[in-house]
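Peer 1: Spelled out, the chains give:
There are 2 protein chains.
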Amino acid sequence: MSVLPKGFTVLVDALNKISGVGPRTAERYAYYLLRSDPSKAKNLAATLEALHESIKICPVTFALIDRDEEVSELYADPSRQKHTVAVVAEPFDIIAMEKMGTYKGTYHVLGGLVSPIDGIEPEHLRIRELISRVGSDKVEEVILATNASIEGETTAVYVQSQLKDMDVKVTRLARGLPIGVDLEYADQITLSRALEGRQEF
Amino acid sequence: MSVLPKGFTVLVDALNKISGVGPRTAERYAYYLLRSDPSKAKNLAATLEALHESIKICPVTFALIDRDEEVSELYADPSRQKHTVAVVAEPFDIIAMEKMGTYKGTYHVLGGLVSPIDGIEPEHLRIRELISRVGSDKVEEVILATNASIEGETTAVYVQSQLKDMDVKVTRLARGLPIGVDLEYADQITLSRALEGRQEF
Numbered sequence: 231m232s233v234l235p236k237g238f239t240v241l242v243d244a245l246n247k248i249s250g251v252g253p254r255t256a257e258r259y260a261y262y263l264l265r266s267d268p269s270k271a272k273n274l275a276a277t278l279e280a281l282h283e284s285i286k287i288c289p290v291t292f293a294l295i296d297r298d299e300e301v302s303e304l305y306a307d308p309s310r311q312k313h314t315v316a317v318v319a320e321p322f323d324i325i326a327m328e329k330m331g332t333y334k335g336t337y338h339v340l341g342g343l344v345s346p347i348d349g350i351e352p353e354h355l356r357i358r359e360l361i362s363r364v365g366s367d368k369v370e371e372v373i374l375a376t377n378a379s380i381e382g383e384t385t386a387v388y389v390q391s392q393l394k395d396m397d398v399k400v401t402r403l404a405r406g407l408p409i410g411v412d413l414e415y416a417d418q419i420t421l422s423r424a425l426e427g428r429q430e431f
Numbered sequence: 231m232s233v234l235p236k237g238f239t240v241l242v243d244a245l246n247k248i249s250g251v252g253p254r255t256a257e258r259y260a261y262y263l264l265r266s267d268p269s270k271a272k273n274l275a276a277t278l279e280a281l282h283e284s285i286k287i288c289p290v291t292f293a294l295i296d297r298d299e300e301v302s303e304l305y306a307d308p309s310r311q312k313h314t315v316a317v318v319a320e321p322f323d324i325i326a327m328e329k330m331g332t333y334k335g336t337y338h339v340l341g342g343l344v345s346p347i348d349g350i351e352p353e354h355l356r357i358r359e360l361i362s363r364v365g366s367d368k369v370e371e372v373i374l375a376t377n378a379s380i381e382g383e384t385t386a387v388y389v390q391s392q393l394k395d396m397d398v399k400v401t402r403l404a405r406g407l408p409i410g411v412d413l414e415y416a417d418q419i420t421l422s423r424a425l426e427g428r429q430e431f
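Respectively, the protein sequence lines represent chains A and B.
Following this note's numbering, the numbering of the first sequence begins with 231 at its first residue and continues without gaps.
Following this note's numbering, the numbering of the second sequence begins with 231 at its first residue and continues without gaps.
Do not take every clue at face value.
It does not matter which identical chain is meant; a pair holds if it fits inside one copy or across any two.
[What the hints assert, rightly or not] Here are the simulated DSS-like cross-link-like pairs (lysine-lysine), alpha carbons at most 27 Å apart as the crow flies: (1) Lys247 with Lys329; (2) Lys236 with Lys399; (3) Lys270 with Lys312; (4) Lys247 with Lys270; (5) Lys236 with Lys334; (6) Lys270 with Lys368.
Just so you know, these hints were derived from the structure itself, not from any lab.
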């Protein structure tokens, strides 16, 4: 005999399929939705139903775009410099970069980072597409804006090796002390990278 | 200019409305669903759409039941003793009790705990319904199975005061050392409750 009604357990099971949502969390979410106004669950249902139909991937930058757009709005913007391309792992990294409000170039989404443990090899990433874009867009600078993690560094090194025979400047984001952090609390690796990359004052 | 497509941001907003899901978590869930097979999002959409229609509240025990059931399956089961009623705060507490596999009585869901800070007063709970059930079901024992928190204790004391003129035994779950815990790690309140409630050996 099940203690909970079927309509509830199927929702818990469906929520539980989202990465990062365990069975207890799924129960909590489901119970919250059940107690809330039905419009909340209906609205969520409608957005989920439309999700895949309403979104596609930009054929040039591989950012997420609306189904009815040709290319990314940002790439189509004539004020953005197409000869500068920031290479990021995921579409969300674009948001982080755009929050600065100072970057005037465009983006290229790799679709992940090299991670042999997770079975992600360089050929799974959009590196070939980057190389052809460097040629077709007359790119002058490729900025490797990957995470400061092992996977991020490995990917950056690989992409750089693939671009080294092309007539393009390849740079990457500086590593160093995050702003507002006391020297004594900085970890050793960050500190040694900050020392290596020291700049004239 | 928005960096993310609209179909994505509306899903993030809808997920963000679930209690306990912040904007970053909502983005993570949405992105996971977008990258997964569309059937995952569609299935979740379908269960959410059907949620409120498929579930109702048992008119006797106030547990969650299927729309097509008259009363809770557990209450309808002739092997469950209707003269013993465990009073719990939420439908989920029934699951915890049922996991024991040894309780043979029935349940009564209060629908919360007295918590003046959250604006939950005794009149918001199903205490009147409990009193009338004690009469109609010839209940012999009411077991107060509320949390061992301030709200749980307050609620238990209140329910007990409402039942004291009726011909029914009112008990509550024992407080004491949880099994497997070393004495030296038990908190002071638990320990003093265990001492008060000491039993002959």
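Peer 1: Now, for every hint given, state plainly whether the structure supports it.
Peer 2: Here's how the hints hold up against the structure:
| no. | hint | in the structure |
| --- | --- | --- |
| 1 | Lys247 with Lys329 | between (31 Å within a copy, 23 Å between copies) |
| 2 | Lys236 with Lys399 | neither (59 Å within a copy, 35 Å between copies) |
| 3 | Lys270 with Lys312 | neither (42 Å within a copy, 37 Å between copies) |
| 4 | Lys247 with Lys270 | both (20 Å within a copy, 8 Å between copies) |
| 5 | Lys236 with Lys334 | between (52 Å within a copy, 23 Å between copies) |
| 6 | Lys270 with Lys368 | neither (48 Å within a copy, 41 Å between copies) |
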